[in-house]
Structures are given as C-alpha cells and as structure tokens.
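First to last, the protein sequences are chains A and B. Everything in the first sequence is counted per my numbering, starting at 1 for the first residue and increasing by one. Everything in the second sequence is counted per my numbering, starting at 1 for the first residue and increasing by one.
No wet-lab data here; the hints were simulated from the structure. In this text, all values refer to a predicted model and were calculated from it rather than measured experimentally. Do not take every clue at face value.
[As the list claims (entries may be wrong)] Listed next, the in silico DSBU-like pairs over lysine-lysine satisfying Cα-Cα at most 35 angstroms (straight line): (1) B:K174 x A:K114; (2) B:K31 x A:K31; (3) A:K269 x A:K204; (4) A:K174 x A:K31.
Number of protein chains: 2
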Amino acid sequence: MSLIKPETLKGFRDYPPELMMPREKLIDTAKRIYRSYGFAPIDTPALEKSEILAGQGSDETDKQMFRFTDAGGRDVGMRFDLTVPLARFAAQHIGQLGTPFKRYHIATVWRGEKPQRGRYREFMQCDFDTIGTTSIVSDIETALVIFDLMNAIGFDEFTIRVNNRKVLNGLLQKSGLEDRATEVLRAIDKLDKIGPEKVTAEMKVTASASDEQAASILRLSQLNGTNDEILSAVGQMVAGNETGELGVENLRQLVDGVRAVGVDEKNLKLDIGIARGLDYYTGTVFETELGQLPGIGSVCSGGRYDNLASKFTKLELPGIGASLGLDRLLAAQEELGLIEKVRTPAPVFIVYFEKDRLADYLQIAAALRGAGIGAVMYPENKKFDKQLKYADKQGFQVAIIAGSQDFAEQKCQVKNLAQRSQVEVSIADGFESLINQVGEALSH
Amino acid sequence: MSLIKPETLKGFRDYPPELMMPREKLIDTAKRIYRSYGFAPIDTPALEKSEILAGQGSDETDKQMFRFTDAGGRDVGMRFDLTVPLARFAAQHIGQLGTPFKRYHIATVWRGEKPQRGRYREFMQCDFDTIGTTSIVSDIETALVIFDLMNAIGFDEFTIRVNNRKVLNGLLQKSGLEDRATEVLRAIDKLDKIGPEKVTAEMKVTASASDEQAASILRLSQLNGTNDEILSAVGQMVAGNETGELGVENLRQLVDGVRAVGVDEKNLKLDIGIARGLDYYTGTVFETELGQLPGIGSVCSGGRYDNLASKFTKLELPGIGASLGLDRLLAAQEELGLIEKVRTPAPVFIVYFEKDRLADYLQIAAALRGAGIGAVMYPENKKFDKQLKYADKQGFQVAIIAGSQDFAEQKCQVKNLAQRSQVEVSIADGFESLINQVGEALSH
C-alpha cells in the first residue's frame with residue numbers, strides 16, 4: 001500500500017509543543033483576568049445553520065465562510081468569528097441568563113482567506129463582552145480588563161487608545177456631513193497610514209467635503225495633549241450638538257473612572273482619530289498599541305454597540321466588548337524575547353540509569369509530583385549521554401541521577417542542566433531534601 | 001425584516017456558564033496532571049484532507065464524517081477523533097520532535113451520529129500518548145496518570161482495570177483459535193452484559209469454538225482474586241506460549257511498578273476479560289470504572305499499540321495512550337453532587353448603592369482583584385433589592401454594600417449571601433481589613 005503524505009491543508013498549521021505552550025499560557029492569563037471581573041466562559045458549536053452566519057459579518061466574511069451541505073441536507077457553515085454566535089446565543093438564552101450577562105469565549109474560528117505570511121485559515125479568538133446594560137461602568141471595566149491583561153501578559157509599555165463614536169458623529173452632524181459618515185470615517189481610519197493631506201484629499205473626493213469641513217474633521221482627529229486638554233478641546237468643537245456632547249461626557253466619565261483606580265495616562269489615552277470600523281460600534285471604541293512594537297497593530301480592540309442581536313430577536317441587547325489578538329500577542333512576545341523555548345511542561349528529568357532500579361526512579365518521580373514539581377522519567381535504560389542529550393533538547397532544567405552506589409549510600413545527584421553544575425543530596429529522609437534541592441534549583 | 005430563529009443545529013448544543021465552568025475545571029485538572037508527567041500540549045487543524053481521515057477509523061467514522069468540498073475544490077473533512085490527527089502529526093514532525101514524544105491534546109471533534117440523549121455531534125476529547133518507545137515504564141506511567149487524574153478530579157472509589165492483549169492472544173494461539181480472534185474477542189467483550197452462558201453460545205456459533213475451547217477462554221476472562229493470584233493463574237494457563245508469557249510478564253511489571261509508588265490494589269485491578277476493541281491495541285489495555293457509578297461505563301480507556309502511523313510513514317512508531325471521557329465524567333460529577341451550580345467565576349458582588357460613589361466602588365473592586373479575589377460591580381444604580389436578587393441568581397458568595405453614611409464613617413458592610421449574615425468592616429486602612437474579611441468569608 002502506498003503511503004499518504006502527512007501534511008496539513010493549505011493555510012492551516014499544526015501547533016507543536018513549543019508553539020502551544022506559550023499559547024496556552026497566554027490563554028490562561030486571559031482567562032484569569034476575565035474571571036476576576038466576573039466574565040464567565042461559554043462555548044457555542046463550530047457549525048451553525050448558514051442562515052445564522054450569512055449576511056451577519058461583511059461581504060468578505062460571507063465569501064470566506066466554510067459552507068457546505070451536511071449529510072442531512074442542511075446548509076451549514078463554520079463560524080468565522082465569535083460575535084455572530086454570541087448574538088445567536090444571547091437571543092436564544094438571555095431570558096434564563098439574566099442581564100447584565102458577562103461572558104468570555106476563547107475558541108477557534110475559520111476563514112477561507114488567501115493564505116499569507118502570519119495569516120491562517122484557522123485561528124483563535126479571545127473575546128469578552130458585557131450584554132444588556134448601557135452603563136458607563138461597563139465601558140470603564142472593559143478598559144480596566146485590557147489594562148490588567150497587558151500588565152499580566154508582561155508588557156511594560158502599552159497604550160489603550162480610546163474614542164467615542166458619538167464624538168465623531170456629533171461633529172459630522174455639526175458639519176453637515178452626517179449623510180456621508182461612512183466615507184469620512186473610512187478616510188480618517190487611514191490617518192496614521194497615509195497622513196493628513198491624503199486624508200483631506202480623499203474626504204473631498206469620496207465625501208464631497210468642503211475644505212472647511214475636511215479641516216474641522218481633521219483637526220478633531222489630530223487633537224493632542226493630556227486627556228483633560230483633549231476633552232476640553234473636543235467639548236468646544238462639538239458644543240451645541242447633543243450627540244457630540246454625550247460622547248464627550250462619556251469619555252470624561254471613562255477617563256475619571258480609570259484614573260480613580262490608578263491607571264496612568266500613558267496607558268490610557270484619548271485619541272479622537274480612532275473610528276474603528278464603520279457600522280457596528282456606536283459609543284466607546286478601544287485600540288491597544290504596544291509601545292515597543294507599534295507596527296504590529298492593535299492587540300486588543302473593541303467597543304460599545306447599541307443592539308447585538310437584531311437579526312434574531314426584537315429584544316434590544318446593548319453591550320460592550322473587546323477581543324484580544326492572540327496571534328499578534330504571541331508574535332509580539334516572541335519578538336520581545338518574552339517566550340521561553342521549551343518543549344516540555346515538566347522541569348525535572350530522571351535518568352533511567354540502573355536497569356533494576358525502576359521502582360526507585362518511579363518513587364522519586366512520584367515524590368516530586370506530590371510536591372507539585374513536574375517530573376519525567378526517561379523510559380528506557382539507554383546510555384547516559386543519550387538520555388542527557390534528550391533532556392537538553394527538550395528543555396528540562398534539572399536532571400536527577402542515581403546509580404547503585406548512590407542508592408547504597410542513600411543519595412542522588414541533582415544536576416542543573418543550564419548551569420552545568422551538580423550537587424549530591426541525601427535521600428535518607430524520604431526525598432524531603434531532594435525536593436528542597438530541586439525546588440531551589442528551579443527557583444533560580 | 002423577519003427575524004431568524006436563534007437555534008443550534010440538530011445534535012449540537014451551547015455551553016452556558018453553568019455547564020462551561022465545570023468543563024473548564026475538569027480540563028484544567030487534566031492539563032495539570034498531564035503536564036506533571038511531561039506530556040506537552042499540541043493542536044492540529046479541525047479540517048484535514050479527507051484522504052488523511054478517511055479509512056483510518058472504522059466504517060462508522062467514515063460514514064459519520066463531516067466531509068465536503070471547500071471553495072478551492074479540495075476534498076476536506078472535520079476530524080472525528082484525535083488519534084488520526086496524531087498519527088499524521090507524528091509522521092510529519094517526529095524528526096524534529098524526537099522520541100519519546102509525550103503529548104496531550106484536548107480538542108473538539110465532530111461525528112454526524114444519530115442524535116440521542118447525552119450524545120452530540122460535537123464533543124471534546126482529552127487524550128494523552130507516549131510515542132516512540134516500547135518500554136513498560138510508559139505503560140506504568142499511563143496507569144499512574146489515570147490514577148492521579150481520578151484522585152485529582154475528586155472520585156473516592158475507582159478501579160483502573162488492566163489487561164494485556166498478548167495474554168488473550170497467547171491463549172487463543174494455545175487453544176488453536178488464533179484465526180478466529182476477532183469473533184472470540186467480540187464475544188468476550190460482552191461478558192459483563194450478557195453473562196457467561198450466552199458468551200459461550202456466541203463463541204460456539206461465530207468462532208466455531210469447541211466446548212473445551214470456549215471453556216478455557218471463559219475461565220481466563222473470569223479469573224478472580226488478588227493481582228498476584230491472577231498473575232499466577234494466568235501464568236499457568238498460557239505457559240509454553242511465548243506471546244502469552246510476554247503478556248503476563250508485562251502485566252507483572254506493571255503491577256509491581258504501580259505498587260512501588262503506593263497505588264492500592266482496589267484502584268488498579270487485573271481483569272483478563274477486557275479485550276477493548278479488536279485490532280488497534282496490541283499490549284496493555286486500560287478501562288476505568290467508577291465504584292459509585294459502574295453503569296456509566298469506562299471514564300478513561302486506552303492501551304498500547306505497535307504502530308501508530310503506518311498509513312503515513314514507514315517509520316515504526318509504537319506507543320501507548322489513553323483518553324479521558326470528559327462528558328461521562330461531567331455527568332458522573334453531576335450525579336455525585338461534585339459540581340457547584342454557579343454562573344459567575346467571581347465570588348464577590350459590589351452593590352452600586354450610591355450613584356455618586358462610582359470611584360469608591362471601582363477602588364474596592366480593584367483592591368479585591370489585586371488580592372486575587374474576583375469581584376464584580378453591578379453596573380447600574382438600580383434598587384438595592386434588584387441588585388441583590390441578581391447576585392443571588394448568579395451565585396455570588398459575598399456582597400459588599402456601602403452608602404454615603406458608611407463612606408463618611410470609613411466602613412462598609414460585608415454580607416455573606418449563603419449564610420445571610422452581615423458584618424461591618426473598616427476601610428480606613430486601605431481595604432486591608434476588607435480583603436481579610438472577604439477572604440475569611442470565602443474560606444468557609
């Protein structure tokens with residue numbers, strides 16, 4: 001029989017341990033922070049009826065959907081994000097769940113995108129949302145979750161950029177550009193990339209903006225200074241427009257709220273130039289930039305919406321949420337040297353040195369595990385060098401070595417694999433000294 | 001626009017928080033145990049080329065596969081287990097990974113089964129395997145992992161039932177039934193269900209076994225006594241047959257190995273009647289029975305195989321592994337009352353009592369989180385009763401209440417929601433007393 005070539009589909013990839021362990025660590029950190037704010041986990045099926053998924057995202061997501069007819073003749077699709085399933089889930093269950101409903105969802109999604117460097121057709125999303133309240137408290141909390149996440153992940157320099165769509169809408173109303181909001185916002189979103197002159201030109205062409213209109217929009221987007229200075233300047237610019245004034249008031253409450261718990265202004269900055277997509281968001285919007293890697297793009301983005309599930313229920317479900325960009329964060333951690341390259345989650349390696357001493361090695365491993373220290377015994381009584389080479393390659397930190405002579409004298413050798421140092425430890429006390437010695441070696 | 005009915009596909013289900021939190025807890029426990037033995041996480045794509053998946057499981061899994069043609073014209077399928085992807089993964093990467101390769105994989109699989117109570121078309125598997133070694137050390141370790149898992153999950157009474165396929169094969173060879181092994185083993189597998197007489201009858205019909213042959217197979221399957229007694233009896237029955245003797249020797253090493261680390265015989269019992277499937281396993285096989293719920297079936301099963309990936313590589317990859325039955329375990333935990341019914345992962349609820357005191361409530365929540373205690377502030381300044389009703393429904397354990405008068409006197413109320421008791425705590429010390437009081441309330 002001829003062999004089948006072992007390979008993944010184009011645009012898909014495997015996660016071997018050295019990629020998977022940092023991903024799991026990141027996910028564990030996200031879960032811990034989400035849970036500390038009362039966000040509870042949910043899961044939804046990978047497959048939904050196509051009518052649930054289609055037409056809910058963009059034309060692009062429709063085109064990219066893995067969609068097929070199942071064996072029962074049903075038109076089904078694989079989820080392309082976690083927002084549409086959340087809308088369906090909330091519409092279906094919100095009666096039992098009660099509001100405010102705070103959930104996180106960390107799960108795989110699929111998009112048949114054109115494969116390119118760093119983009120795959122299968123990836124994980126890591127979302128958290130608060131559904132069923134319009135209170136500014138949830139906006140403040142969303143900012144605090146992002147702040148805690150970035151700190152917990154280990155980034156020193158990051159800035160959560162915050163805007164409120166009502167501020168932009170207010171100015172558009174005041175400037176008479178309300179009916180061309182989409183075109184204006186699309187131009188503004190490019191400010192960082194193409195600069196103010198080209199943005200002005202684009203607004204004049206696509207939104208038929210006058211020089212004066214374009215200038216006032218641009219002035220708003222480029223406001224600089226402390227958060228208080230920006231609030232005051234924006235306040236003047238939108239004065240008299242109800243929507244704009246509400247947006248400024250919401251931004252002020254948010255800034256005051258995060259300040260109350262000690263968030264420094266360098267970590268949360270108003271940026272009136274952020275539009276973040278066009279239709280979905282209606283209030284606060286967030287982006288998060290890493291100071292050391294601005295080019296990588298926003299690593300946590302989101303915002304407030306007025307109505308999550310209008311396609312599925314007449315019940316109005318306002319909410320706010322954000323999504324942590326796992327892949328970007330992993331790339332960032334790697335670039336900043338925050339990832340350890342190991343292939344084993346257990347730090348201790350026990351050499352199978354003496355064939356007849358299997359029971360002793362098993363007991364040493366069990367004692368270490370009992371003390372919360374992961375330990376692996378090499379399963380074969382191969383040459384010492386071969387075993388140690390394996391231990392090095394897998395990234396073990398400590399090796400335990402004991403032969404007949406050692407056992408006769410009730411001792412064993414503890415080798416620090418990184419430092420290439422070795423100490424002798426008594427095992428006459430039921431492994432207590434050994435556990436202490438290993439614990440010490442691992443703490444350095 | 002008419003509304004789309006929010007519902008999942010037939011045979012699929014949502015996991016709301018009260019189902020998801022116990023599942024995550026179980027998965028976290030499994031990860032911790034796997035990692036302590038050096039099993040490292042991997043992940044593979046949900047979608048594979050159909051040629052990778054088809055014909056690898058049974059006729060049934062082929063029929064049940066979600067298989068379709070993607071937008072690029074590729075014949076693809078959704079994985080129906082984690083073993084076939086492991087075989088493909090190992091064949092593809094084992095050169096870089098090195099052996100022994102120990103991995104765990106906790107992931108979703110899909111099977112278009114006929115929906116029935118407690119069976120879904122999407123479920124999680126939770127496998128661990130050691131690849132690339134035939135050493136008995138890995139068999140012993142697999143048993144120890146299962147032992148540690150059951151203890152960590154919280155089951156008091158469980159029995160890991162162990163057999164070795166070589167023992168059965170040896171006796172079949174000795175009895176001249178070697179060429180009818182499939183039929184004989186299929187009959188023996190039913191011993192618990194249909195009893196010895198019907199098994200004998202079936203062996204006589206399907207395997208054309210003589211009375212004597214059937215009796216000897218049955219005698220082996222029904223052996224009783226201590227592990228040592230069983231080993232000695234089996235040893236006599238297969239004496240002279242090389243395969244059978246090797247099987248007995250392996251069982252003896254396994255029994256000695258787990259005994260060396262203190263596993264009681266009530267938790268690991270030889271059971272020569274276990275055949276566990278027909279073709280895949282070639283050595284040690286495991287099943288795990290819960291003493292309080294034997295009817296639920298095996299909650300952790302597995303065994304040793306000679307060659308994992310023969311369809312993908314000429315490299316021989318022997319290994320051993322097992323799979324934890326998450327759904328069965330959750331059902332068991334629920335039935336034994338081991339699951340707490342809560343909807344929030346954070347224990348503390350902060351009442352939004354006084355509209356103008358938002359900053360203070362935010363500070364209390366931040367202080368608790370800083371001390372590692374999850375805390376949720378109700379986002380709206382609604383009526384006190386309404387807020388507390390929400391807190392009760394979600395399963396919060398402690399509520400913190402403070403009004404103007406309290407803040408003026410630098411104190412707040414800590415209410416134990418389960419015990420309906422309340423104490424007053426000073427907050428003059430920067431929340432230290434509050435944190436201690438809450439910590440104490442949560443520890444009961």
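query = When the hints from earlier in the document are held up against this structure, which numbers fail?
reply = Numbers 1 and 4 - these are the hints that the structure violates, sorted from lowest upward.
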